[in-house]
Amino acid sequence: MKYMLLIYDDFAAYDKVTEQQQHELFGRYMHFTEELSKSGRMKAGDPLQPPFTSTTVRVVAGKKVATDGPYAETKEQLGGYYIVEAKDVDEATEIASEICKLHTWNSVAVEVRPIMVLPG
Amino acid sequence: MPSRVIEAVFLAERSRILASLIRLARSFDDAEDVLAEALLEAQVHWQTQLPTNPGAWLLTVAKRKLLDQRRGGQRRQQLLEQNRHLLLTDEIVGEDANEEAADDILRLLFTCCHPVLAPEAQIALTLRTLGGLSTTEVARAFLVEESTMAQRLVRAKRKIALAGIRYAIPAQEQLPERLASVLHVIYLIFNEGYAATEGEALERRDLCQEALRLSHLVNEWLPGEAEAEGLEALLRLIHARRDARVDAEGRLVTLDRQERSRWHDDEIAAGIALLEQALRRKQPGAYQVQAAIMAVHAEAATAAETDWRQIRELYRTLLRFERSEQVLLNYAVAVGQVEGWAAAEGILEELGELEGYYPYHAARAHCALALGKKVEARVAFQKALGLTRNRVEREYLSQKMADLVNDAGVE
Chain S
1 MKYMLLIYDD FAAYDKVTEQ QQHELFGRYM HFTEELSKSG RMKAGDPLQP PFTSTTVRVV
61 AGKKVATDGP YAETKEQLGG YYIVEAKDVD EATEIASEIC KLHTWNSVAV EVRPIMVLPG
Chain E
1001 MPSRVIEAVF LAERSRILAS LIRLARSFDD AEDVLAEALL EAQVHWQTQL PTNPGAWLLT
1061 VAKRKLLDQR RGGQRRQQLL EQNRHLLLTD EIVGEDANEE AADDILRLLF TCCHPVLAPE
1121 AQIALTLRTL GGLSTTEVAR AFLVEESTMA QRLVRAKRKI ALAGIRYAIP AQEQLPERLA
1181 SVLHVIYLIF NEGYAATEGE ALERRDLCQE ALRLSHLVNE WLPGEAEAEG LEALLRLIHA
1241 RRDARVDAEG RLVTLDRQER SRWHDDEIAA GIALLEQALR RKQPGAYQVQ AAIMAVHAEA
1301 ATAAETDWRQ IRELYRTLLR FERSEQVLLN YAVAVGQVEG WAAAEGILEE LGELEGYYPY
1361 HAARAHCALA LGKKVEARVA FQKALGLTRN RVEREYLSQK MADLVNDAGV E
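Quick note, the sequences are listed as chains S and E, same order.
Mapped onto our numbering, the consecutive letters of the first sequence carry residue numbers 1 to 120.
Mapped onto our numbering, the consecutive letters of the second sequence carry residue numbers 1001 to 1411.
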């Protein structure tokens, strides 16, 4: 089964740590991604630019309305994602918990969502 | 054949049959559908003669229905290939069959209590598939509309199908965590039965019975787990006091005033024996400690003879496993019994944040009463009264307050 792992990250915490600490986090992600690829479970994955770069679009009365900012104003914001192949939800949540453990100085939540298989 | 015979057979065998069918069908809904159809057929066929093994009869008929349902399709072919040995035998007999049934029951139990399902969904699904409760009964037990409960069940079953929750017994390394989830669900079911949050009666014995049945089922099919035995022992020991807990008028009777001759001694003995068996495994845990506390209470011939020192030590041990406010509260009461109520009051004061919790105020009231602080006791009883909607508990608290007024002429 394929799962999308959505990483909700506390971005405010990044301002409170040194560049070195941020660099180390990045390094842990690199290593993790490499291992995930090697095990054959990695299908895709990318980090995202911070939430302030986001634009939310709706169509109101047939007219495109783009507003600055992410869809929801919450402490934790979507910061990256993986698409993984896992045999069941247990394996998928296990991978998600490994992602959480990469973060040593801020809290993250990882949403595990099965990807719909379209017929045909 | 009277329909109650069919009902009795059905209740006894339902979860085993359903568990096997879910594995074959790979779908809760399809399994339930074919089982319902098989039951209809039983009502016709069993009129003339009851089969020698009604459970096997139902399973066989339901399996045929499953094949019919999928006739011609690719799925039928798949189903046939995967389960050829099962589908083509009409009667399941012997050792293998028993082992297979055990595995099926465990698969169903672990799937229903999978931690990725919401706790209320775990409870509902467990009661519905492994317990003998209908959707209406489960809804009534948890005081929600039947449609709400039905929707909760539908959603849980859909999540199992779509989220990749495997219908399997967890691997050895996951077993402790997954078993803990199963035991917690059973504990919550019992709790809801033991201290009904709302309504007329203090207890909902049907839920207590279901929880007891389920905890027994775990030990029957997954023997050798100390905490599972601890939980069953705990539930048995609490349940053994049921007849003494409410008086003839339906009023709550606290432990210290219970008529101990109304406790079920045989059940207490069975609970203690089970606890001893668990303790010999040397894998201590919170349920075993709680069962031990109940056992100490049960062994006292009168309330005055209760070994509070031992109970205080056991609560101290329990705090190592579970540092919850509820446990601290009970610890405070045990400390009060051994070291005096001033010491207990100190612990209770540290728990200041338990404002919305009824037993906290009840404990404060008893503490204040023991220390002769009648005004404080009355205030605390009043607060407790404002926090419970259970009629029996309300009457008990009102009585306590009335006693206070009569005794001391507060006001």
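Since the hints were derived computationally from the structure, they do not count as laboratory data.
Just so we're clear, the structure is a prediction, and the values are computed from it rather than from any experiment.
A hint or two may mislead.
What the hints assert, rightly or not - 25 Å max Cα-Cα, derived SDA-like pairs, lysine to any residue:
no., chain 1, residue 1, chain 2, residue 2
1, S, Lys87, E, Ser1324
2, S, Lys87, E, Leu1175
3, S, Lys43, S, Leu78
4, S, Lys87, E, Gln1078
5, S, Lys87, E, Glu1100
6, E, Lys1159, S, Glu94
7, E, Lys1159, S, Met116
8, E, Lys1159, S, Lys16
9, E, Lys1159, S, Met1
10, E, Lys1159, S, Ala44
11, S, Lys2, E, Leu1404
12, S, Lys43, S, Ile99
13, S, Lys2, E, Leu1252
14, S, Lys87, E, Lys1282
15, E, Lys1383, E, Leu1404
16, E, Lys1400, E, Pro1223
17, S, Lys87, E, Leu1252
18, S, Lys2, E, Lys1159
19, S, Lys2, E, Val1154
20, S, Lys101, E, Gln1172
21, E, Lys1282, E, Phe1321
22, S, Lys87, E, Lys1383
23, S, Lys101, E, Ala1163
24, E, Lys1159, E, Tyr1187
25, E, Lys1374, S, Phe26
26, S, Lys16, S, Gly80
27, E, Lys1159, S, Glu98
28, E, Lys1373, S, Lys2
29, E, Lys1373, S, Glu111
30, E, Lys1374, S, Met1
Unchecked claim - Among the chain S residues that face chain E by a calculated CB cut under 10 Å, a handful are:
no., residue
31, Met1
32, Tyr3
33, Met4
34, Leu36
35, Asp68
36, Ala72
37, Lys87
38, Thr93
39, Ala109
40, Arg113
For glycine and all other residues, C-beta sits at the position ideal for the given N, C-alpha and C.
Against the structure, the hints:
The suggested pairing of Lys87 (chain S) with Ser1324 (chain E) is violated, with an alpha-carbon distance near 36 Å, which exceeds 25 Å. This hinted pair checks out: Lys87 (chain S) and Leu1175 (chain E) have alpha carbons roughly 18 Å apart, not beyond 25 Å. A threshold of 25 Å between alpha carbons decides the hint, and for Lys43 (chain S) with Leu78 (chain S) the separation of about 19 Å falls inside it, so the pair holds. As the CA atoms of Lys87 (chain S) and Gln1078 (chain E) are separated by approximately 20 Å, the hinted pair is consistent with the 25 Å bound.
This hinted pair checks out: Lys87 (chain S) and Glu1100 (chain E) have alpha carbons roughly 23 Å apart, not beyond 25 Å. Between Lys1159 (chain E) and Glu94 (chain S) the alpha-carbon distance is near 18 Å, which keeps this suggested pair within the 25 Å criterion. A hinted pair counts as satisfied when its Cα atoms are at most 25 Å apart, and Lys1159 (chain E) with Met116 (chain S) qualifies at roughly 12 Å. Restraint check: the Cα-Cα separation between Lys1159 (chain E) and Lys16 (chain S) comes to about 39 Å, which exceeds 25 Å; the hinted pair is violated.
Restraint check for Lys1159 (chain E) and Met1 (chain S): satisfied, since their Cα atoms lie roughly 14 Å apart, inside the 25 Å limit. For the suggested pair Lys1159 (chain E) and Ala44 (chain S), the alpha carbons sit about 24 Å apart, so the restraint of at most 25 Å is met. Among the hinted pairs, Lys2 (chain S) with Leu1404 (chain E) is inconsistent with the structure: their alpha-carbon atoms are about 65 Å apart, more than 25 Å. At roughly 16 Å between alpha-carbon atoms, Lys43 (chain S) and Ile99 (chain S) fall within 25 Å of each other, so this suggested pair holds.
In summary, the hint linking Lys2 (chain S) to Leu1252 (chain E) is not supported, as the alpha carbons are separated by about 54 Å, beyond the 25 Å threshold. Restraint check: the Cα-Cα separation between Lys87 (chain S) and Lys1282 (chain E) comes to about 35 Å, which exceeds 25 Å; the hinted pair is violated. Taking the CA atoms of Lys1383 (chain E) and Leu1404 (chain E), the gap is about 15 Å. The hint holds against a cut of 25 Å. A hinted pair counts as satisfied when its Cα atoms are at most 25 Å apart, and Lys1400 (chain E) with Pro1223 (chain E) does not qualify at roughly 46 Å.
This hinted pair does not check out: Lys87 (chain S) and Leu1252 (chain E) have alpha carbons roughly 51 Å apart, beyond 25 Å. Taking the CA atoms of Lys2 (chain S) and Lys1159 (chain E), the gap is about 15 Å. The hint holds against a cut of 25 Å. Of the supplied pair hints, the one linking Lys2 (chain S) and Val1154 (chain E) holds, its CA atoms being roughly 23 Å apart against a limit of 25 Å. For the given pair, Lys101 (chain S) sits about 23 Å from Gln1172 (chain E) by alpha-carbon distance, which is consistent with the 25 Å threshold.
For the given pair, Lys1282 (chain E) sits about 15 Å from Phe1321 (chain E) by alpha-carbon distance, which is consistent with the 25 Å threshold. About 52 Å separates the Cα atoms of Lys87 (chain S) and Lys1383 (chain E), which puts this hinted pair outside 25 Å; it is violated. Between Lys101 (chain S) and Ala1163 (chain E), the direct Cα distance comes to roughly 23 Å. Compliance with the 25 Å bound is thereby established for this hinted pair. The suggested pairing of Lys1159 (chain E) with Tyr1187 (chain E) holds, with an alpha-carbon distance near 23 Å, which does not exceed 25 Å.
A hinted pair counts as satisfied when its Cα atoms are at most 25 Å apart, and Lys1374 (chain E) with Phe26 (chain S) does not qualify at roughly 63 Å. The suggested pairing of Lys16 (chain S) with Gly80 (chain S) holds, with an alpha-carbon distance near 20 Å, which does not exceed 25 Å. With a CA separation close to 23 Å, the supplied pair Lys1159 (chain E) and Glu98 (chain S) stays within the 25 Å bound. Distance hint between Lys1373 (chain E) and Lys2 (chain S) is unfulfilled; the C-alpha atoms sit about 64 Å from each other, more than 25 Å.
For the given pair, Lys1373 (chain E) sits about 52 Å from Glu111 (chain S) by alpha-carbon distance, which is inconsistent with the 25 Å threshold. A threshold of 25 Å between alpha carbons decides the hint, and for Lys1374 (chain E) with Met1 (chain S) the separation of about 65 Å lies outside it, so the pair is violated. With a least beta-carbon distance of about 4 Å to chain E, the hint placing Met1 (chain S) at the interface is held under the 10 Å criterion. Checking Tyr3 (chain S) against chain E: minimum C-beta separation of about 7 Å stays under 10 Å; hint holds.
Using the Cβ-Cβ criterion of 10 Å, the hint placing Met4 (chain S) at the interface with chain E is not satisfied: the shortest such distance is roughly 12 Å. With a least beta-carbon distance of about 18 Å to chain E, the hint placing Leu36 (chain S) at the interface is violated under the 10 Å criterion. A distance limit of 10 Å between C-beta atoms decides the matter here; for Asp68 (chain S) the minimum to chain E is near 34 Å, and the interface restraint is violated. With a least beta-carbon distance of about 21 Å to chain E, the hint placing Ala72 (chain S) at the interface is violated under the 10 Å criterion.
The interface hint given for Lys87 (chain S) holds, since its Cβ lies 8 Å from the closest Cβ of chain E, which is under the 10 Å cut-off. For Thr93 (chain S), the interface hint holds, since its Cβ comes within 10 Å of a Cβ in chain E; the closest pair sits about 7 Å apart. With 10 Å as the threshold, the beta carbon of Ala109 (chain S) stays out of range of chain E, its nearest partner Cβ sitting at about 14 Å, so the hint is violated. The beta carbon of Arg113 (chain S) comes within 8 Å of a beta carbon in chain E, closer than 10 Å, and the hint placing it at the interface holds.
Going through the hint list in order, the structure does not satisfy hints 1, 8, 11, 13, 14, 16, 17, 22, 25, 28, 29, 30, 33, 34, 35, 36, 39.
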